[in-house]
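Participant: What follows is each chain in one-letter form.
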Amino acid sequence: MVSNTPAETPRRDDAANWATPSAALRVGEMPEGALNLNVAGRRLVGPIQGFGQLWQKTYRVRLGGAVTPADVIREWKANYASYWPAGNHFYAPVSGLEPGDVAVINASSLGGVQLSTGIRVIYADDESFSFMNAEGHPAAGMITFSAMGDDAGVCAQVQALIRANDPFYDLLLPLYGHRVEDEMWTKTLAALAAHFGAPADVVTERVLVDRRRNWSEAKNVWRNAAIRSGFYMFGAPIRWVRRRSARAKG
Amino acid sequence: MTTATTTTTADRIDEWTIVIRVRGDVTAASEQPLMAAYSQAGDKTRAIVLDFTGLDYMNSGGIGLLVTLLVRANRQKQKLLACGLNEHYKQIFELTRLDEAIGIHDSEAAAVAAAKA
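Line by line, the protein sequences are chains A and B. Note that my numbering has the first sequence beginning at 1, numbered continuously upward. Note that my numbering has the second sequence beginning at 1, numbered continuously upward.
Since the hints were made in silico from the structure, they are not lab data. Glycine is no exception: its CB is placed at the ideal position from the N, C-alpha and C atoms. Treat each hint with caution, since some may be false.
To be verified - Just a sample of chain A residues kept apart from chain B, beta carbon distances all over 12 Å, derived:
no., residue
1, Gly-41
2, Leu-44
3, Gln-56
4, Glu-75
5, Gln-114
6, Tyr-123
7, Phe-131
8, Gly-141
9, Phe-196
10, Ala-200
11, Val-207
12, Arg-211
13, Arg-212
14, Arg-228
15, Ile-238
16, Arg-242
Unchecked claim - Partial chain A-side listing against chain B, Cβ under 10 Å, derived:
no., residue
17, Val-45
18, Gly-46
19, Arg-120
20, Gln-159
21, Leu-171
22, Pro-174
23, Gly-177
24, Asp-210
Start from the sequences and build out the full structure, keeping to the hints where you can.
Facilitator: This is the structure:
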């Protein structure tokens with residue numbers, strides 16, 4: 001028998017921090033202008049269910065010593081969408097980011113397509129919160145937003161444990177996906193740092209956790225949100241003609 | 001900031017199976033004790049049973065750590081199984097869909113039997 005790191009265990013309760021499982025995602029009311037596709041009725045996909053290589057990507061910025069980790073997470077959760085780069089929209093319930101909440105994402109994508117997909121908040125406490133992505137999202141996995149203190153002050157961190165969801169996204173990852181994701185979280189953390197009056201020195205670390213691809217998950221491409229959003233966008237003129245003719249008949 | 005406290009013990013059941021008993025917290029900070037216990041598995045081990053009877057607290061960082069452990073085990077062609085999860089933690093495995101890759105059993109005996117099946 002081998003024992004490692006014996007320690008006193010303080011009793012903590014995590015029950016209120018976790019969402020409960022649900023067979024399919026349900027989307028609440030969305031504001032006018034939000035494109036609500038590819039979320040309702042979908043399941044969540046974790047790192048196990050994705051197709052591509054498994055990456056752990058960590059983005060971190062120092063916020064100084066004038067705030068606490070709980071201050072950072074409170075602000076981040078309350079105004080999460082406002083820290084996203086321009087051209088991307090995050091439509092969350094008005095309650096904020098609570099365990100179980102489902103949010104719709106509208107993001108600018110290749111070819112001018114507005115990608116519609118979503119996430120669910122699976123975990124939230126005073127110092128972190130985590131999302132899992134909906135089927136069809138470019139990445140299958142989890143992303144955790146946290147703040148932690150050390151001798152040098154407080155850091156805010158985004159850590160993604162993700163695979164490309166299907167072969168289509170996997171093909172785009174080296175040329176497009178990594179760059180877009182790096183830009184997304186670097187800009188988000190820079191905006192958060194600016195809010196707290198800290199310089200936008202974001203550190204990025206990328207670790208390949210599993211180089212194998214899950215070929216059994218290649219079928220995920222049928223739910224690809226980018227392809228479906230593209231079809232929806234290019235079908236807009238047809239829908240417009242149909243609405244006009246329906247009005248004329250009515 | 002709360003410091004994670006994790007205790008792990010690794011018990012060899014037979015040449016092919018070890019049981020890692022996890023007590024306390026499972027968070028991202030549990031990597032060292034969990035991987036130290038996993039390192040006891042060796043090349044011949046074909047199944048690792050994680051006994052969560054003593055689990056008190058787990059956050060999303062802990063789930064990430066279990067995913068990493070699963071990848072390592074799969075790379076070594078080892079089965080990863082779990083036992084001793086209460087209803088709350090079973091639900092978390094279901095929520096995160098870890099239950100699709102880590103077989104969940106009610107008792108250590110059932111997990112060890114499944115490992116040999």
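Participant: Each hint should be assessed against the structure and marked as holding or not.
Facilitator: Hints versus structure:
1. Gly-41: About 17 Å separates A:Gly-41 from the closest Cβ of chain B, which puts it past 12 Å; holds.
2. Leu-44: violated (7 Å)
3. Gln-56: Given a closest Cβ separation of 8 Å, the condition is violated.
4. Glu-75: Consistent with the label, A:Glu-75 stays out of reach of chain B, its closest Cβ about 17 Å off (over 12 Å).
5. Gln-114: About 28 Å separates A:Gln-114 from the closest Cβ of chain B, which puts it past 12 Å; holds.
6. Tyr-123: violated (4 Å)
7. Phe-131: violated (9 Å)
8. Gly-141: violated (8 Å)
9. Phe-196: holds (17 Å)
10. Ala-200: Fine: 24 Å to the nearest Cβ keeps A:Ala-200 off the interface.
11. Val-207: violated (10 Å)
12. Arg-211: With a cut-off of 12 Å, A:Arg-211 comes too close to chain B, as the shortest Cβ separation is near 9 Å.
13. Arg-212: violated (8 Å)
14. Arg-228: Answer for A:Arg-228: holds, closest chain B Cβ roughly 22 Å.
15. Ile-238: holds (37 Å)
16. Arg-242: Nearest chain B Cβ is 39 Å from A:Arg-242, so the label holds.
17. Val-45: Holds: closest Cβ of chain B sits about 7 Å from A:Val-45, inside 10 Å.
18. Gly-46: Holds, about 5 Å.
19. Arg-120: holds (9 Å)
20. Gln-159: holds (8 Å)
21. Leu-171: violated (22 Å)
22. Pro-174: violated (21 Å)
23. Gly-177: Hint violated; A:Gly-177 Cβ to chain B Cβ min 20 Å, cut 10 Å.
24. Asp-210: holds (4 Å)
Hint compliance for this structure: hints 2, 3, 6, 7, 8, 11, 12, 13, 21, 22, 23 are broken, all remaining hints hold.
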